[in-house]
Amino acid sequence: MNWHGILAIYRYEMARFFRTIIQGFISPVLSTSLYFVVFGTAIGSRIDQVEGVSYAAFIVPGLIMLSVMTQGISNASFGIYFPKFIGTIYELLSAPLNFIEIVIGYVGAAATKALFVGLVILGTASLFVDLQIAHPLAMVAFLLLTCLSFALFGFIIGIWAGNFEQLQLIPLLVITPLVFLGGAFYSISMLPEIWQKISYFNPVVYLISGFRWAFFDTADMPVGLSLLAIGGFTLLCLVIIGVIFRTGYRIKP
Amino acid sequence: MSAIVEIEGLTKTYDDGYQALKPLTLSIEEGEILALLGPNGAGKTTLISLLCGLVSPSGGTARVGGHDIIHDYRAARRLIGLVPQEIALEPFQKVWASVRFTRGLFGLPRDDAKLETILRRLSLWEKRASETKALSGGMKRRVLIAKALAHEPRVLFLDEPTAGVDVELRRDMWEIVADLKAQGVTIILTTHYIEEAEAIADRIGVINRGELLLVEQKDALMRRMGRKSLTIELRQPVDALPEALAAYDLSLSQDRSRVTYFYDTQGESTGITRLLQALSDAGLHLADLETRQSSLEEIFVGLVEAEEEGAA
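Line by line, the protein sequences give chains B and Z. Note that the UniProt record's numbering has the first sequence beginning at 1, numbered continuously upward. Note that the UniProt record's numbering has the second sequence beginning at 1, numbered continuously upward.
If you are wondering where the hints come from, they were derived from the structure by calculation, not from laboratory data. Please note that a few of the clues may not be correct.
[Claimed, not checked] Restricting the straight-line Cα-Cα distance to at most 20 Å, the calculated cross-link-like pairs of lysine to any residue (SDA-like) are:
| hint | chain 1 | residue 1 | chain 2 | residue 2 |
| --- | --- | --- | --- | --- |
| 1 | Z | K133 | Z | Q85 |
| 2 | B | K252 | Z | G59 |
| 3 | Z | K22 | B | P253 |
Remember, it's a predicted structure, so these values are computed and weren't measured experimentally.
Start from the sequences and build out the full structure, keeping to the hints where you can.
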């Protein structure tokens, strides 16, 4: 393994993150605070409890998931797209690195950034509501797996994207609707039956449900299914990345 | 000297059927400077991209330092430094961080002393804390070279290193190349500027339409293919050349005051002595003499034209 190479990519990506640390820190604090003011206080005060949890606390796992997914995708996709765009990809391709090392460097850094944002939101949320975490280890595992899998997905988008518009397309058109319709702000059981059934096809439902279970010990879906969903998604992304590098798709003619 | 780069039948055909490089066999000796000359789209950059891992070959093999570029790519690539044609730098990265990043990518531990030496040699040390976007075009090219040298390669590929740079910087670049050669680095450069190849290369390769037309020692090529000309300035212009000089390959300038004689240095005799005698006998008085070797550019144009005529 070329550990120095992996570390070089990781540090390079993290340096980019630290250059904009204020934005990276303030943005999630501000957006979380706004969510709490709007959903937690203004609307939440009219909602009694959801599955035995105050509404303000209920939305915390969904809020964290929403940010972790979008941050994982945007950091990883931009991380690999930018060298393609400015031409510095030649350095990666001519270095003694294999694709696993390149992926560990970029995806590791993107997942770290997503994790940081997730923890900032968790910290901010704990200022507004009294949070109890029922299964801390499972919470950490779900959080890490989500950071990792969506960073992998973002990496694929970054390789595929031919321009900045395409880079934004999937997060905007696919991920945001899936997360909002994935029970981030409500329980699936609150939906009419037909919409509950449709929601079973939304993979994000399983992630948010599993993550919420780790906090409150209640879930829309069986926890095992949630773990299977996130594990399966991670595996699928790894297989796609493997094919990309073997065929040189969009990076090596 | 031994071969450090050995290429056998290396070829590249893209998915759309375009053959960018016909099967090419070439051996590059350690410590030499090889200049690859050719017009745009000739296949120079494709060859470099294949050897450096930017493009996958369609056939053939290549070894660098005895390591196959596909099966033993890690060992092969550790020996190679690449300076690309286009200036590609992360605009917000500082020079020092940029060079350190490349050294890391190539699997080497941090060595600040080594990087300082490289930056000083390229007159970049004072700029080490500058973001690359703040540098001039010439300085950016130097940063690309510093990055390519950060892992101490034995073979350096320079793809059009002086494209679009001013004359002064071009001469600077030649000095850098000469300095690297003195340290034993093998250099393969592609260029449009024949003057450049003529000035710094040991060997010249000519590529056109994806085919290597020839590879030869520069001096031998110049001797073999170069014609010389002797220009004689007359004291008084003449209306026409005297009949007695008709046997010589002469041309008279438009102002009728200069006569040019073409001759072959490889021939048994240049005929200069007899020509001067004949001029004197014809009553022409000489004011000055000048000889000139045909440039590599003329040789190159001749080769490419001959090849294209052959292809037509």
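So, going through the hints one by one against the coordinates:
Straight-line distance between C-alpha atoms of K133/Z and Q85/Z comes to about 17 Å, which keeps the hinted pair within the 20 Å bound. Among the hinted pairs, K252/B with G59/Z is consistent with the structure: their alpha-carbon atoms are about 16 Å apart, no more than 20 Å. With a CA separation close to 16 Å, the supplied pair K22/Z and P253/B stays within the 20 Å bound.
When held up to the earlier numbered hints, the structure conflicts with none and fits them all.
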